[in-house]
Amino acid sequence: MANRTVIIKIKRQTSPESKPYWEEFALPWKPGMNVISAMMDIAANPVTRSGKPTRPITYDSNCLEEVCGSCAMRINGRARMACSALIDKLDQPITLEPLSKFPVVRDLAVDRSVLFENLKAVKAWVPVDGTYDLGPGPRQTQRHQEDAYPLSRCISCCCCMEVCPQFNDKTNFVGAATIAQVRLFNTHPTGAALKEDRLHALMGDGGIQECGYAQNCVEVCPKDIPLTDAISEVSGQVMRQAIKDIFTR
Amino acid sequence: MANPNIIVVGGGLAGLSATIKIAEAGGHVDLFSIVPVKRSHSVCAQGGINAAKNLKGEGDTPWQHFDDTIYGGDFLANQPPVKEMCEAAPAIIDLLDRMGVPFNRTPEGLLDFRRFGGTLYHRTAFAGATTGQQLLYALDEQVRRYESEGRVRKHETWEFLSGVIDHTGVCRGICAIDLRSMEVHTFPAEAVIMATGGIGAIFGKSTNSVVCTGSAQSALYQQGAFYANGEFIQVHPTSIPGDDKLRLMSESARGEGGRVWVPRTQGDKRDPKSIPESERWYFLEEWYPKYGNLVPRDVATRAIHKVVYEHNLGIDGQPMVYLDLTHIDRATLDRKLEGILEIYEKFVGDDPRTTPMKIFPGMHYTMGGLWVDFKQATNIPGIFACGECEYGYHGANRLGANSLVSCIFGGFVAGPQALAYARNNAKSGASANGAFDSERKRQEEINSRLMSSDGTENPFKIWRELGEIMTKNVTVIRYNDALAKTDEKIVELLERYQRINLSDKEMWANTSFVFTRQLYNMLQLARVITQGAAMRNESRGAHYKPEFPERDDVNFLKTTKAYFAPDADEPRFEFEPVDTSLIKPRPRKY
Ligand SMILES: Cc1cc2nc3c(=O)[nH]c(=O)nc-3n(C[C@H](O)[C@H](O)[C@H](O)COP(=O)(O)OP(=O)(O)OC[C@H]3O[C@@H](n4cnc5c(N)ncnc54)[C@H](O)[C@@H]3O)c2cc1C
Ligand code: SF4
Ligand code: SF4
Ligand code: FES
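Chains as they are written, first to last, in my numbering: chain A, 1 to 249; chain B, 250 to 839.
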């Protein structure tokens, strides 16, 4: 199939305030194409399907191997990473839209800084004393490493938040990714020092109780992070903390 | 100044390491990055980080690590800083361990180590197959902690354009562009640390991330910074050919027992699994019995080139060879290599646990970079550099898993050095004599010229042409006539650049505008690389010239230092002796 073409429809928006519009592109097919390489081809020849000159697409990307978390968007209606979305595996015409729950910056680029703010709020770090030489860290079993590692692979793409029915302006819910990080740091021997702070941050408005266990998150996570397990574990921790708070207050 | 303000440009491992040290010592950091720092290129590192912890009873020592690094780099690195790095490495691993990096463990709960190229020791600590991601996150978390304490201020989605250099030649801050509003601002600082990473984009397709353009380094070089050993470009032997990028297949695949081979018969079309052992050629094992598949990268890369282009034994006549893991059991592969196998599966569609992978060399790393002294200071007072953007630690060839440690170590030196400079610097507070205004105006003029350009040249096409010729002539095998043609071509591309056509003139989040600015700097730096390669008439480490196949210590045991000649708009060169005071150069034979 030498002259195959790839049809892509892209929802564009020039600035946060302006109205979105759609543009359609027809690109020559190449083996191994993915959504990002298709947009690179558009940049090299920015012309729509009907032959109208246009502007290259604005989108976020960096690693192109699904580890930096930059390129999340809605592809054929589904939140996923564009760099690992192989054209040959997508139904055409392919539709590309920005994530819908984050402010659009331009075209397919959105502002996801909310996740980084949430990570600050739950103190997602290990409180080391300092960077001077204090010898090795705590010994850990292989089992512990195998539990922690998958959680630590979260690329902050925000797909889990995009598909979560509870993640919206009304609830202010923190979302699954942040909760999974709380689980990660609470299980670390040194990280556990801040466990209570983290659990308190997850109580109340927008906290963990907003989760309705719809499980959408775990289905879209590109890194297969055990999100629902993490949520139930942290939920339990929050509950126990709340009870403890009653008795220590 | 008791609590000086330092600017760190770049939030990969190097920039974050410097930031942490400064914040810890009471300084304040303005941290600039094109991408949110957590999305920096360092997340791509897969294989691991070296430190002679000697936890496998092999008698490994920091000196041995030092010797392997110097020897692997073909004696081109200045030795004292490399020795310090190797001595500091074990404590760096301990620190990362304390910060919560989920390193793989032994049954006893200690850190596990694997073997990497260019050494006979198990010296590489790893966290699954996403070590760089795990290290970067650990540092990112510590920086977030300082950020919430007000000691670090992040400027993400800001791009460094240039240094603000006063009339006495001292750096007083930086000039940067907000990648959303496209506004240009200047920021004062008592010292500046550059940590802007690699330059892969100059070669079009590489294993690097998209923002690794070298634009910042090039801008500083055009402002008077020395750029050292630019001609030393590492081509990784095993990458997955792709249309948009060459995805890396980590050396750890070979570290865990992966074997490289081709069918012995030309054009053998059989399914690789059905080809019997006797009809497979494990050429690395045959040619290098001691190190086998784990010879250093330059050696493996040239061997693959030879098999493909001289023996014509590429798979199916294509430039590809097999990297085979199928003899290793699935559980081991999943435990130690899952992340990288996933990449192959996702992007190629085959399962490397059951099908041998098809790989080919790809541009991977620059050993060259901003010239720094042994304390990470560039030749411009007030500007320091650390990480892949500087040239200090890897000589003519970098050993696998040595970059991550050099980035962190370099940051740990640069941070305190910049702070000390700032505290002792009498200049702080003195008038900069309009240097800020004039630098901002200079940058704004470049921007408005570009915005009003109405030529016919598409910047992305110029970039593709640059990448193609650089990959063809300035990577694995270099000939002087081809290098001369390459430089001519770059000059032609620079001329065409003057007739650029920007299809997007919007002053908001205009990524093609930003790219076009970077492209100019890439072209300027490409000349440094190409001309440096042309001058070095010898073969050393990653730099190989069939016309001069031997290392020539008499004439070329020297650091190449390029500087920009503004009047001629091109690089000039000088050479500096290498400090070989600790290990006497010996022939490099694996
Ligand atoms: C696929 C791959 C695998 C690798 N695996 C290993 C490994 O296993 N072990 C090992 O030791 N090494 C490995 N390396 C090498 C190593 O990953 C890199 O050398 C290292 O991560 C570089 O870190 P850095 O901090 O110098 O730069 P980076 O991580 O590239 O960070 C650069 C930073 O600078 C910012 N920046 C760049 N330009 C500007 C600008 N103009 N203005 C503002 N900000 C800017 C970026 O946003 C980013 O934050 C690998 C490399 C690749 C490509
Ligand atoms: S389980 Fe459902 S409600 Fe809870 S975080 Fe996941 S998607 Fe949201
Ligand atoms: S948990 Fe998964 S989906 Fe959510 S941000 Fe992390 S990687 Fe993305
Ligand atoms: S570009 Fe990094 S995840 Fe897609």
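For the record, the hints were derived by calculation from the structure and aren't laboratory data.
Keep in mind it's a predicted model, so treat the numbers as computed, not measured.
The beta carbon of each residue, even a glycine, is placed where N, CA and C say it ideally should be.
Hints may contain errors.
Computed footprint of chain B on chain A; a stretch qualifies when at least three of its residues, placed anywhere within it, have a C-beta under 8 angstroms from a C-beta of chain B [as the list claims (entries may be wrong)]:
id, stretch
1, 160–170
2, 196–208
3, 237–246
So the derived label-pair ranges between C-beta atoms look like this [said to hold, decoys possible]:
id, chain 1, residue 1, chain 2, residue 2, range
4, B, Pro815, A, Pro31, 26 to 34 angstroms
5, B, Asp520, A, Asp88, 40 to 48 angstroms
6, B, Gly418, A, Asp169, 21 to 29 angstroms
7, B, Arg698, A, Ser113, 28 to 36 angstroms
8, A, Pro16, B, Glu398, 29 to 37 angstroms
9, B, Lys721, A, Ala121, 25 to 33 angstroms
10, B, Pro798, A, Pro31, 16 to 24 angstroms
11, A, Thr190, B, Gly566, 49 to 57 angstroms
From the derived model, a few chain A residues whose C-beta atoms are all more than 10 angstroms from chain B [to be verified]:
id, residue
12, Gly77
13, Asp91
14, Gln92
15, Thr131
16, Arg139
17, Arg153
18, Glu219
These are the hints, each one checked on the structure:
no., hint, in the structure
1, 160–170, "violated (count 0)"
2, 196–208, "violated (count 0)"
3, 237–246, "violated (count 0)"
4, B:Pro815 with A:Pro31: 26 to 34 angstroms, "violated, 45 angstroms"
5, B:Asp520 with A:Asp88: 40 to 48 angstroms, "violated, 22 angstroms"
6, B:Gly418 with A:Asp169: 21 to 29 angstroms, "violated, 53 angstroms"
7, B:Arg698 with A:Ser113: 28 to 36 angstroms, "holds, 32 angstroms"
8, A:Pro16 with B:Glu398: 29 to 37 angstroms, "holds, 31 angstroms"
9, B:Lys721 with A:Ala121: 25 to 33 angstroms, "violated, 51 angstroms"
10, B:Pro798 with A:Pro31: 16 to 24 angstroms, "violated, 37 angstroms"
11, A:Thr190 with B:Gly566: 49 to 57 angstroms, "holds, 56 angstroms"
12, Gly77, "holds, 20 angstroms"
13, Asp91, "holds, 17 angstroms"
14, Gln92, "holds, 18 angstroms"
15, Thr131, "violated, 6 angstroms"
16, Arg139, "violated, 4 angstroms"
17, Arg153, "violated, 6 angstroms"
18, Glu219, "holds, 17 angstroms"
Checked against the numbered hints listed earlier, the structure breaks hints 1, 2, 3, 4, 5, 6, 9, 10, 15, 16 and 17; every other hint is satisfied.
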